[in-house]
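First to last, the sequence lines map onto chains A and B.
Straight run, no breaks: the first sequence in the numbering used here ends on number 494.
Straight run, no breaks: the second sequence in the numbering used here ends on number 494.
Honestly, the hints are just simulated from the structure, not real lab data.
A couple of the hints might just be wrong.
Within a straight-line C-alpha distance of at most 30 angstroms, the following computed BS3-like cross-link-like pairs (lysine-lysine) qualify [said to hold, decoys possible]: (1) Lys108/A x Lys408/B; (2) Lys216/A x Lys408/A; (3) Lys408/A x Lys289/A; (4) Lys224/B x Lys216/A; (5) Lys294/A x Lys319/A; (6) Lys379/A x Lys216/A; (7) Lys224/A x Lys490/B; (8) Lys408/A x Lys102/B; (9) Lys490/A x Lys102/B; (10) Lys354/B x Lys224/A; (11) Lys281/A x Lys354/A; (12) Lys319/B x Lys289/B; (13) Lys102/A x Lys490/B; (14) Lys289/A x Lys354/A; (15) Lys102/A x Lys408/B; (16) Lys379/A x Lys408/A; (17) Lys408/B x Lys116/A; (18) Lys408/A x Lys108/B; (19) Lys224/A x Lys216/B; (20) Lys216/A x Lys319/A; (21) Lys116/A x Lys379/B.
Not the full set, but computed from the structure, chain A residues with beta-carbon under 8 angstroms of chain B [said to hold, decoys possible]: (22) Gly421; (23) Leu458; (24) Trp466.
The beta carbon of each residue, even a glycine, is placed where N, CA and C say it ideally should be.
Number of protein chains: 2
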Amino acid sequence: MRIEMSNEQIQAIVQDSLVGYQYLQSISLAERAALMHAIADEIEALDDELIQTAYAESALPLPRLQGEKGRTINQWRSYANAVKTGIYAEARIDKSDGAAKADIRKYNKGIGPVAVFGASNFPFAFSTAGGDTASAIGAGCPVIVKEHPGHPKTSQLMADAISRALAKFGAPASVFGYVHGEGNAVGEALVLHPAVKAVAFTGSFRGGKALFDLGAKREEPIPVFSEMGSVNPVFVLPAYLEQNVDTFATQYIASLTLGVGQFCTNPGLLIAVKGPVLDQLKTLLQKEVQQVSEATMLHPGIASAYQSGKDKLANQSAVSLLGEGIEGDSKSAVAAVFCTEGAAFLKNHALAEEVFGPAGLLIECADASELKDVMEDLAGQLTITFAATAADVQQHPALFKIAQEKCGRLLFNGMPTGVEVVYAMQHGGPYPSTTDSRFTSVGPDAVKRFLRPLSFQNWPNEFLPAELQDENPLQIERIIDNKRVLA
Amino acid sequence: MRIEMSNEQIQAIVQDSLVGYQYLQSISLAERAALMHAIADEIEALDDELIQTAYAESALPLPRLQGEKGRTINQWRSYANAVKTGIYAEARIDKSDGAAKADIRKYNKGIGPVAVFGASNFPFAFSTAGGDTASAIGAGCPVIVKEHPGHPKTSQLMADAISRALAKFGAPASVFGYVHGEGNAVGEALVLHPAVKAVAFTGSFRGGKALFDLGAKREEPIPVFSEMGSVNPVFVLPAYLEQNVDTFATQYIASLTLGVGQFCTNPGLLIAVKGPVLDQLKTLLQKEVQQVSEATMLHPGIASAYQSGKDKLANQSAVSLLGEGIEGDSKSAVAAVFCTEGAAFLKNHALAEEVFGPAGLLIECADASELKDVMEDLAGQLTITFAATAADVQQHPALFKIAQEKCGRLLFNGMPTGVEVVYAMQHGGPYPSTTDSRFTSVGPDAVKRFLRPLSFQNWPNEFLPAELQDENPLQIERIIDNKRVLA
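Using the sequences plus the hints, can you model the full thing?
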């Protein structure tokens, strides 16, 4: 077993990140983008050892891991391309009128070193070299990653790839720090270090909220972006159900059990109004879920938490088991669909808790009004999905309106699993799905989390950051004297 | 004396703001801008009663109050114009490729009701109808203002103007709530109400930090934007001082004593290297400050806090009084300049505390290296000013670099008092000058504090917010398939 780092070692690594910060502040947006592409190249060059290591540590299927590797590389490249356009610099120039009005120019700079805590369920895309690390470096911030205990070897391979890329590029190693150690002390040391100016976390509510509280209680409070998951309710409306009952059941069970249900956007709640078609759906759901094979979860701890969550749900009054997948051993997860009544759900908030894994709860509402009550009762979610026709939406205007207050992404049909890495993605949502609904952790806009504006008043052109110089040497878009000027 | 509101009344007003929120969500950006102009019109229509009332409550000179009224109107109008362009909607459209890729569209919507706590030193521009209220409504958020105890009648006049504007415009009264009551209970009730989704505050560190902590500790944590002031250091560099010693002394004392020193951007610290020219500056500062007449502060509590702050500073070891203004009575403030040595300043953090009022502290550094140490030692500031020539800046690269990490606005010559309402303004800065360095509270960008993104996946065009519809009915700028498209 590896010797874990001492507190002194960790403190030194964080302190050193300030050197990496100065470096990132000193290079241009184009150079920063080039550095990010260099990191992407190095990840791309990782061979089958990476995939096999991640497979051994996470039990995720090989094709999924290959796909996730590609997604991770795409994150680095697409964030790099976005950074290069200057969109996140948000350069604004208000020129002097030659009289009383001063010359004032503003741009966004990196906030400082960022501590990153990766997720177990995405060993590449949301871990050591994942979206948080890419977006922080995209913002000009060095990163200190806490190794994920669920996949330490995978983490280390990715960390080494980033370090190699930095060395080849000629950047100081301190742009990327990597720490490991047992228990919570390492994470606390990172969040409490005065040099750290922001934190990104993906994982459980308990872990994410603890880091948030720690960040708020520091002598200098810092933003903590915790993405803590949600139950991603799917509202199935009458006309849609009437027309699509067969395909919907298949689609829902496929999404619920995809990746052994280990997605933040897993559709844990299904809500519909009682009636003969819903009875038909129940039969279909039962049939579908009974065909799902047991599967190995990320690690035994997660599998046992899943089993406890399922047991807890099964033991609530007014909850019954609709159907279960094919029985497995103690280390693997058996998919399940439970059902309850709208009135029971509204009375018992335990039913709204996330069970991380392939377990769904169907809520049968008495009528459209109860459907609305359930929507109203929901806590903040990453996603809400309408399985609906256009007529359904028109007939449920309140449902549609309330949904917009409850989530970060609102789907019309389709399933919430699958989070595209695009500008328009919002992966985040009202508390408790995240600690800060104002930012996304997927897509280039994730960069925005790690920036702060700085104004320069009456500075000679030569001293201004390139983003604000008259000549616009970086060829970025800016707002000049109240007018957007493209590159 | 007026009967203060009961807790029940306050709860009802906050609850009612959700009606105002639904209204603001239902109107277009253009209509929202029109509403803001209607409020500006109504403030413009307020006659001399407003000015006289504010004069009686704040002792601020009449011309200053006239100017501040104009600035307040300008805030509403310029924020309205910015909102109308759609810049804060940040609309992003990623179209489907007709195959696997979904159609995803994102825009920023108002976060929900905002509680506003105004400042005593700007009864118009940073109070009831000030920049926080204007920017929250600009974001599509209703506002609940806590009446300022220092200028309750002025607050009420402004609140009435907003209410009249809402009525004329046909907007519900609940877009703007107004509460008053004694002690801290009213403020706490606002921040803790579950409907409130953000807080804006301008005032003391103690008040601002208490609200921030309250916001973080809620069951659902919310962002609290507290602007808490700073000492706005002015670094006077050698070549500049050599050339401008006379004018600089006059300029500095004018800025220090402007508005009886009651600006968040008041230049409380002056830092320079010892030598014959600095001795000359000291003589000039003494002469200048001795000509400043005593003046009435905003209210007796502020005047007595100023006196205590001055006494505390005077009693620190290694601090001496350089000069004082013309003696006044107990209710008014006498300007003062103190001086100390760089080494003493570095040893005693009490010397870096803000004394709200016209008191400055000159720090005499042994050499350029100590100047840098003082910069390094500073806490976060709203502004830092360089009184410098270009050669001075070139000869102090580290000083210039560190300054960028310590403030929100960096001035080259000039004085920090005077905060322009423009896109490029950053009025904010690293903690403890504010609780969130990532946002400004002056300029249209202040709107950004109260927004959160919402994505729509695969929604039919008819259900999308106008910001995201194919036809771009609002004629706003957007990013479509990775490309900025102007209106």
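Results of checking the hints against the structure:
Simply put, Lys108/A and Lys408/B have alpha-carbon atoms about 26 angstroms apart, close enough for the 30 angstroms limit, and the pair holds. Under the criterion of a C-alpha separation no larger than 30 angstroms, the hint pairing Lys216/A with Lys408/A is consistent with the structure, at around 28 angstroms. This hinted pair checks out: Lys408/A and Lys289/A have alpha carbons roughly 28 angstroms apart, not beyond 30 angstroms. Taking the CA atoms of Lys224/B and Lys216/A, the gap is about 11 angstroms. The hint holds against a cut of 30 angstroms.
Between Lys294/A and Lys319/A, the direct Cα distance comes to roughly 23 angstroms. Compliance with the 30 angstroms bound is thereby established for this hinted pair. Of the pairs offered as hints, the one joining Lys379/A and Lys216/A holds, with about 29 angstroms between alpha carbons and a cut-off of 30 angstroms not exceeded. A C-alpha spacing of about 41 angstroms is found between Lys224/A and Lys490/B, which places the hinted pair above 30 angstroms, so the restraint is violated. Taken as a hint, the Lys408/A and Lys102/B pair is honoured in the structure, with Cα atoms around 23 angstroms apart against an allowance of 30 angstroms.
Pair hint Lys490/A plus Lys102/B holds up; C-alpha atoms about 27 angstroms apart against a cutoff of 30 angstroms. The straight-line distance between the Cα atoms of Lys354/B and Lys224/A is roughly 26 angstroms, inside the 30 angstroms bound, and the hint therefore holds. At roughly 18 angstroms between alpha-carbon atoms, Lys281/A and Lys354/A fall within 30 angstroms of each other, so this suggested pair holds. A distance of roughly 22 angstroms separates the Cα atoms of Lys319/B and Lys289/B; the hinted pair therefore holds under the 30 angstroms criterion.
With a CA separation close to 27 angstroms, the supplied pair Lys102/A and Lys490/B stays within the 30 angstroms bound. Pair hint Lys289/A plus Lys354/A holds up; C-alpha atoms about 23 angstroms apart against a cutoff of 30 angstroms. With a C-alpha separation of about 23 angstroms, the suggested pair Lys102/A and Lys408/B falls inside the 30 angstroms cut-off, and the hint holds. In summary, the hint linking Lys379/A to Lys408/A is supported, as the alpha carbons are separated by about 10 angstroms, within the 30 angstroms threshold.
Straight-line distance between C-alpha atoms of Lys408/B and Lys116/A comes to about 13 angstroms, which keeps the hinted pair within the 30 angstroms bound. A C-alpha spacing of about 26 angstroms is found between Lys408/A and Lys108/B, which places the hinted pair at or below 30 angstroms, so the restraint holds. This hinted pair checks out: Lys224/A and Lys216/B have alpha carbons roughly 11 angstroms apart, not beyond 30 angstroms. For the suggested pair Lys216/A and Lys319/A, the alpha carbons sit about 22 angstroms apart, so the restraint of at most 30 angstroms is met.
About 22 angstroms separates the Cα atoms of Lys116/A and Lys379/B, which keeps this hinted pair within 30 angstroms; it holds. For Gly421/A, the interface hint holds, the least distance from its beta-carbon to any beta-carbon of chain B being 6 angstroms, beneath 8 angstroms. At a threshold of 8 angstroms, the smallest CB-CB gap from Leu458/A to chain B is about 7 angstroms, leaving the interface hint in force. The interface hint given for Trp466/A holds, since its Cβ lies 4 angstroms from the closest Cβ of chain B, which is under the 8 angstroms cut-off.
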